[in-house]
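Novice: Read off the chains here:
There are 2 protein chains.
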Amino acid sequence: MKGRDAEEKQTFIADARRAQIFEATIRTLDEIGYIRASMAQIAKRAGISAALISYHYRDKNDLMDYALMKLATDLSSSVLERTAAASGPREKLQAYIEASIAYQAENPARSTALIEIVFHARTADGMPYYKLQDDEDDPLENELRRILRLGQEQGEFGAFDLDAMASAIRGALDEYGFNVKLKARIDPIRFSQELVDLFSRAIGHR
Amino acid sequence: MKGRDAEEKQTFIADARRAQIFEATIRTLDEIGYIRASMAQIAKRAGISAALISYHYRDKNDLMDYALMKLATDLSSSVLERTAAASGPREKLQAYIEASIAYQAENPARSTALIEIVFHARTADGMPYYKLQDDEDDPLENELRRILRLGQEQGEFGAFDLDAMASAIRGALDEYGFNVKLKARIDPIRFSQELVDLFSRAIGHR
DNA sequence: CTAAAATCTGATTAATCGATCAGAATTTAG
DNA sequence: CTAAATTCTGATCGATTAATCAGATTTTAG
Numbered sequence: 488m489k490g491r492d493a494e495e496k497q498t499f500i501a502d503a504r505r506a507q508i509f510e511a512t513i514r515t516l517d518e519i520g521y522i523r524a525s526m527a528q529i530a531k532r533a534g535i536s537a538a539l540i541s542y543h544y545r546d547k548n549d550l551m552d553y554a555l556m557k558l559a560t561d562l563s564s565s566v567l568e569r570t571a572a573a574s575g576p577r578e579k580l581q582a583y584i585e586a587s588i589a590y591q592a593e594n595p596a597r598s599t600a601l602i603e604i605v606f607h608a609r610t611a612d613g614m615p616y617y618k619l620q621d622d623e624d625d626p627l628e629n630e631l632r633r634i635l636r637l638g639q640e641q642g643e644f645g646a647f648d649l650d651a652m653a654s655a656i657r658g659a660l661d662e663y664g665f666n667v668k669l670k671a672r673i674d675p676i677r678f679s680q681e682l683v684d685l686f687s688r689a690i691g692h693r
Numbered sequence: 488m489k490g491r492d493a494e495e496k497q498t499f500i501a502d503a504r505r506a507q508i509f510e511a512t513i514r515t516l517d518e519i520g521y522i523r524a525s526m527a528q529i530a531k532r533a534g535i536s537a538a539l540i541s542y543h544y545r546d547k548n549d550l551m552d553y554a555l556m557k558l559a560t561d562l563s564s565s566v567l568e569r570t571a572a573a574s575g576p577r578e579k580l581q582a583y584i585e586a587s588i589a590y591q592a593e594n595p596a597r598s599t600a601l602i603e604i605v606f607h608a609r610t611a612d613g614m615p616y617y618k619l620q621d622d623e624d625d626p627l628e629n630e631l632r633r634i635l636r637l638g639q640e641q642g643e644f645g646a647f648d649l650d651a652m653a654s655a656i657r658g659a660l661d662e663y664g665f666n667v668k669l670k671a672r673i674d675p676i677r678f679s680q681e682l683v684d685l686f687s688r689a690i691g692h693r
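Going line by line, the protein sequences match chains A and B. Note that my numbering gives residue 497 to position 10 of the first sequence, counting from 1, and the numbers run on in steps of one. Note that my numbering gives residue 634 to position 147 of the second sequence, counting from 1, and the numbers run on in steps of one.
Don't take every hint at face value.
It does not matter which identical chain is used: a pair holds within one copy or between any two.
Here are the simulated SDA-like cross-link-like pairs (lysine to any residue), alpha carbons at most 25 angstroms apart as the crow flies [stated by the list, open to error]: (1) Lys668 x Thr610; (2) Lys670 x Gly645; (3) Lys618 x Val667; (4) Lys547 x Ala608; (5) Lys557 x Ser525; (6) Lys670 x Gln639; (7) Lys547 x Arg569; (8) Lys547 x Glu518; (9) Lys668 x Val605; (10) Lys670 x Leu627; (11) Lys670 x Arg633; (12) Lys618 x Arg688; (13) Lys670 x Val605; (14) Lys670 x Arg636; (15) Lys547 x Ala646; (16) Lys618 x Arg532; (17) Lys618 x Arg633.
Derived by calculation from the structure, the hints in this document are not laboratory data.
Full structure from sequences and hints, please.
Specialist: Here's what the structure looks like:
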């Protein structure tokens with residue numbers, strides 16, 4: 488009960504219930520947003536009583552933290568798998584861009600839920616997650632910087648500022664998650680192709 | 488009273504009070520975020536009673552809509568002024584990037600407040616502002632597209648997809664507002680210089 | 001100066017929130 | 001089969017919210 492630590496053994500029922508509550512949380516965040524995502528709304532979508540959520544999660548923060556961690560981990564795994572399968576720096580960067588956009592296109596509800604949590608949830612002392620800089624171990628950010636650094640060291644990429652290039656790429660990728668009009672104008676495959684071409688020129692050394 | 492339409496004449500007191508409430512709203516959003524920004528919190532920072540806000544604004548939505556419009560208008564004016572002062576497409580793009588980053592650096596509280604409203608406020612039927620595509624007349628978006636189109640028509644820029652390039656630039660600029668770690672690593676002047684160089688290569692036709 | 005209009009406050013209302021609790025229902029263990 | 005442990009619900013609690021209202025105060029107009 489109230490499980491949250493990874494090492495705690497869970498029963499089958501508790502595991503299934505927690506997963507069901509997680510899915511209902513994603514759906515609720517996608518449909519009505521963080522502010523209106525009350526325990527009652529999540530419980531309604533899960534088909535259970537609101538009190539049961541409090542039984543399986545310590546409190547609402549615990550639930551949202553778990554959801555954020557799971558969403559971020561799944562996204563990272565999907566992208567990192569595909570970059571690992573590519574060989575050179577340029578191919579890895581292409582895989583990184585394509586996988587990031589593809590994940591957003593294939594999991595719109597999860598992408599929206601992730602945005603909702605990141606921009607709404609705050610630490611106990613009021614610091615918003617989107618302003619948090621403790622993500623020194625954000626795997627996605629680290630992998631992008633690693634690829635860019637590798638490409639420069641191998642002489643495959645030209646000269647550019649790593650911080651600026653990394654944030655420009657991240658910003659462009661995230662933009663596809665926010666901008667509905669953009670999604671309507673360009674399908675994900677073409678958009679990722681355009682980004683690959685665009686940043687290929689920005690990186691230099693054809 | 489309850490004024491919101493532009494054509495309504497306001498008394499000096501009402502105008503000053505509305506401005507004072509607007510400033511308190513910005514400060515509240517910056518300090519504690521949208522979710523905790525209750526009427527009582529805003530009133531406390533303005534040094535007035537909470538009921539007085541309801542007297543000068545129809546409801547909380549009216550207040551937030553007004554704040555969003557004013558913040559967006561001020562930002563647009565600042566950027567558009569500096570792009571208008573530049574001559575060619577390449578110079579206009581540079582001015583656009585520099586002005587966007589400079590505004591964020593010079594008005595951190597306003598930038599944060601703008602983000603808070605855009606990612607929290609929703610229309611009556613629940614559509615979040617950040618997903619809204621009715622900004623067909625977003626002056627900043629339009630100006631950027633106009634510059635890029637002009638540069639291509641004049642042969643000053645190379646071949647690229649306008650939608651992808653515009654959103655990549657917008658994403659990179661917005662990233663500086665979100666990413667605290669980025670702000671700590673690069674000062675705004677150097678970051679805008681790097682972005683100018685970076686996108687200059689992406690656009691082509693040195 | 002005086003009456004009307006505008007401005008402002010404290011109190012109050014109804015709704016919604018997260019969380020807790022006692023106890024019912026179900027599952028597990030021996 | 002039986003007792004213990006787990007799972008689950010409905011009721012309820014105190015806190016917080018946006019909004020309203022009567023009436024006090026201040027400003028404006030003549």
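Novice: Decide, hint by hint, whether the structure agrees.
Specialist: Okay, the hints, checked on the actual structure:
no.	hint	verdict
1	Lys668 x Thr610	between (32 angstroms within a copy, 17 angstroms between copies)
2	Lys670 x Gly645	between (31 angstroms within a copy, 24 angstroms between copies)
3	Lys618 x Val667	both (23 angstroms within a copy, 6 angstroms between copies)
4	Lys547 x Ala608	both (10 angstroms within a copy, 21 angstroms between copies)
5	Lys557 x Ser525	within (20 angstroms within a copy, 31 angstroms between copies)
6	Lys670 x Gln639	between (32 angstroms within a copy, 23 angstroms between copies)
7	Lys547 x Arg569	neither (34 angstroms within a copy, 46 angstroms between copies)
8	Lys547 x Glu518	both (18 angstroms within a copy, 22 angstroms between copies)
9	Lys668 x Val605	both (22 angstroms within a copy, 15 angstroms between copies)
10	Lys670 x Leu627	both (22 angstroms within a copy, 19 angstroms between copies)
11	Lys670 x Arg633	between (29 angstroms within a copy, 20 angstroms between copies)
12	Lys618 x Arg688	neither (30 angstroms within a copy, 30 angstroms between copies)
13	Lys670 x Val605	both (21 angstroms within a copy, 18 angstroms between copies)
14	Lys670 x Arg636	between (30 angstroms within a copy, 20 angstroms between copies)
15	Lys547 x Ala646	neither (47 angstroms within a copy, 50 angstroms between copies)
16	Lys618 x Arg532	between (30 angstroms within a copy, 23 angstroms between copies)
17	Lys618 x Arg633	within (23 angstroms within a copy, 32 angstroms between copies)
Of the hints listed earlier, those the structure fails to meet are numbers 7, 12, 15, in rising order.
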